[in-house]
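All chains, full assembly: derive it from the sequences and hints.
So the sequence lines, in the order shown, correspond to chains A and B.
Numbering-wise, the numbering used here puts 180 at position 123 of the first sequence, and it's gapless, one number per residue.
Numbering-wise, the numbering used here puts 217 at position 237 of the second sequence, and it's gapless, one number per residue.
Do not take every clue at face value.
As the list claims (entries may be wrong) - No more than 30 Å apart at the CA atoms, straight line, and that leaves these computed lysine-lysine pairs for DSSO-like:
1. 116/B with 135/A
2. 261/B with 248/B
3. 107/B with 163/B
4. 291/A with 40/B
5. 161/B with 59/A
6. 116/B with 134/A
7. 40/B with 134/A
8. 291/A with -4/B
9. 134/A with 161/B
10. 134/A with 55/B
11. 161/B with 64/A
12. 55/B with 109/B
13. 189/B with 59/A
14. 270/B with 134/A
15. 248/B with 270/B
16. 64/A with 107/B
17. -4/B with 95/B
18. 95/B with 161/B
19. 107/B with 135/A
20. 291/A with 55/B
21. 291/A with 134/A
22. 163/B with 59/A
23. 109/B with 135/A
24. 189/B with 291/A
25. 208/B with 59/A
26. -4/B with 135/A
27. 64/A with 87/B
28. 109/B with 64/A
29. 59/A with 55/B
30. 87/B with 134/A
31. 291/A with 135/A
32. 134/A with 189/B
33. 189/B with 55/B
34. 40/B with 107/B
35. 95/B with 64/A
36. 135/A with 270/B
37. 116/B with 163/B
38. -4/B with 134/A
Hints are computed from structural coordinates only; laboratory data are not their basis.
If you're wondering where the values come from, they're calculated on a predicted model, not measured in any experiment.
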Amino acid sequence: MKFANIKYIFQKELRSFFNSPVAYIVIVVFLVILGWFFTSNLFIANISSMRTVFEMTPFLLLFFAPAVTMRLISEEKKSGTLELLITKPVREYEIITGKFLAAWALYFLTLMPTLVYYISISVIGKLDLGPVIGGYLGLMFVGAVFLAVSVFGSSITENQVVAFIVSFLIVFGLFMLDKVLFYLPSTLASTLEYISVDYHFSNIARGVIDSRDMIYYASSVGFSLFLGTVVLQKRRWS
Amino acid sequence: MSILVSNLSKLYGDAKAVNNISFEVHSGEILGFLGPNGAGKTTTMRIITCYLSPNAGSVKVEGRDIQTESFEVRKLVGYLPEQNPLYLDMNVLEYLEYAAQLQGVTKLMIPRRMKEMVDVCGLGEMKHKDIGQLSKGYRQRVGLAAAMIHDPRVLILDEPTSGLDPNQIVEIRSLIRNLGKQKTVVLSTHILPEVQATCNRVIIISRGKIVADGPIEDLQRNLHGGEKIILEVEVPGGQSFEMVSVQVRSIPAIETISLVEERDGVKKLSVETSNATDIRKDLFQLCVQKGWGLLELHREKTSLEEIFRQLTAH
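Put into structure tokens, the structure is as follows:
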């Protein structure tokens, strides 16, 4: 494991996010939609709470994650630069990890401006800090899972649109799982509940940091990145 | 021995892209890898650079195996892939820095190596431009600069001059020739003059197999039994081609005589012999005897084009 390589790839990817208009468009769209829901709900409900941010963000992430990651690997496959990258002394998982971390950092930067909501609410009313920190932590974890899955989605094709659709379908499946549990037999339901992203998120958003949730997030990120690595390694035998 | 390829095979499904080939490249050699499109050049290069794994056989680069010591091999090799893929949204210096970092050039050395490569490849004026704005010739130089950024001992260049204009081709070729003085260079091409202009050895590959291997002069000598001589004479007295040819035929070993060109008494003949004896002296004597004015007399070498066609014709 060479952290230096991961760092170089991370820096390069983060820079190229901001070299192209994609990052700006995605961030602006994300913030505008979130802001609209936040402000309209805030005055209707008249409660000093950031619940809207925490409820809406996973939903917006369904589009955000595939959109920012779709070109990460598929573009390199299409233009042939993947060949350059792989014939350098760099391991496949370093490539995948570096790219994933860049996307995660972009997501972090996108969430940062929403702290304005925290500041403005705490000025007008009283806001409990615990659930806010829990909520943001949870959002970072949910984001990590969605982004890792989408990096895998980008690795399987050289077409960005296909990458977006595949990633969206997987992420959407993970998101919807605990909403359809109601229709399933109870034995199956408890397993599926564990796989569902939202179930674990609601725990953390309440301020409960449970090791089971942590293991869930870490293992699903790890598994997705592992799959992406395998896809890159498989090319040798094509 | 810089590169040692033994019994290498690569399958794509059932098709054999590379079929049991073996060759070696010595240090300081510029090897031309020549073949029609789809002959297996790119596949072989991709195996040497650890992009693809072979189905059988082994490759050693500077004594290191591409499968068990792939990481070491990748440090030793500089590679310019076909079509020269680049990150078009990066500027030249950013890209060179990224390439240097990933190749494991130490932090202290990176600025020095970047400066050297910018100088060697003539990128001075373009170094702050985005690669996407550069012309094809400059992009090719950026690709070469990135391939050499870590001062590799072995350079693998897949069609380094494709898509360039004639001036750029000459520049890139002389760049490669200069590099070849210190490094092992393997370059692939399907353009024949390229090999003649840059390489000291050529391997011709056709349908996944090596059909010829050696210095260009050796190939030319081996493949052509007889010789072809061009003779241009001024014949006085308006003799016809037939009359001249009968007189020339008095020299033994001549197989065919044909008229290349004729204008007011000057005849250009192409004379082919059945074996490699040099008949130029005899032709000269003949001209003196008959009182013909000798304007031109030279031996024609078998061109690489001809060798290539003979070897790769299906």
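The hints, checked one at a time:
no.: 1; hint: 116/B with 135/A; verdict: holds (19 Å)
no.: 2; hint: 261/B with 248/B; verdict: holds (17 Å)
no.: 3; hint: 107/B with 163/B; verdict: holds (25 Å)
no.: 4; hint: 291/A with 40/B; verdict: holds (22 Å)
no.: 5; hint: 161/B with 59/A; verdict: violated (34 Å)
no.: 6; hint: 116/B with 134/A; verdict: holds (21 Å)
no.: 7; hint: 40/B with 134/A; verdict: holds (27 Å)
no.: 8; hint: 291/A with -4/B; verdict: holds (19 Å)
no.: 9; hint: 134/A with 161/B; verdict: violated (34 Å)
no.: 10; hint: 134/A with 55/B; verdict: holds (22 Å)
no.: 11; hint: 161/B with 64/A; verdict: violated (36 Å)
no.: 12; hint: 55/B with 109/B; verdict: holds (28 Å)
no.: 13; hint: 189/B with 59/A; verdict: violated (39 Å)
no.: 14; hint: 270/B with 134/A; verdict: violated (72 Å)
no.: 15; hint: 248/B with 270/B; verdict: holds (16 Å)
no.: 16; hint: 64/A with 107/B; verdict: holds (24 Å)
no.: 17; hint: -4/B with 95/B; verdict: violated (43 Å)
no.: 18; hint: 95/B with 161/B; verdict: holds (21 Å)
no.: 19; hint: 107/B with 135/A; verdict: holds (25 Å)
no.: 20; hint: 291/A with 55/B; verdict: holds (22 Å)
no.: 21; hint: 291/A with 134/A; verdict: holds (13 Å)
no.: 22; hint: 163/B with 59/A; verdict: holds (28 Å)
no.: 23; hint: 109/B with 135/A; verdict: holds (23 Å)
no.: 24; hint: 189/B with 291/A; verdict: holds (26 Å)
no.: 25; hint: 208/B with 59/A; verdict: violated (62 Å)
no.: 26; hint: -4/B with 135/A; verdict: holds (25 Å)
no.: 27; hint: 64/A with 87/B; verdict: holds (13 Å)
no.: 28; hint: 109/B with 64/A; verdict: holds (24 Å)
no.: 29; hint: 59/A with 55/B; verdict: holds (14 Å)
no.: 30; hint: 87/B with 134/A; verdict: holds (29 Å)
no.: 31; hint: 291/A with 135/A; verdict: holds (17 Å)
no.: 32; hint: 134/A with 189/B; verdict: holds (29 Å)
no.: 33; hint: 189/B with 55/B; verdict: holds (28 Å)
no.: 34; hint: 40/B with 107/B; verdict: violated (36 Å)
no.: 35; hint: 95/B with 64/A; verdict: holds (23 Å)
no.: 36; hint: 135/A with 270/B; verdict: violated (70 Å)
no.: 37; hint: 116/B with 163/B; verdict: holds (25 Å)
no.: 38; hint: -4/B with 134/A; verdict: holds (24 Å)
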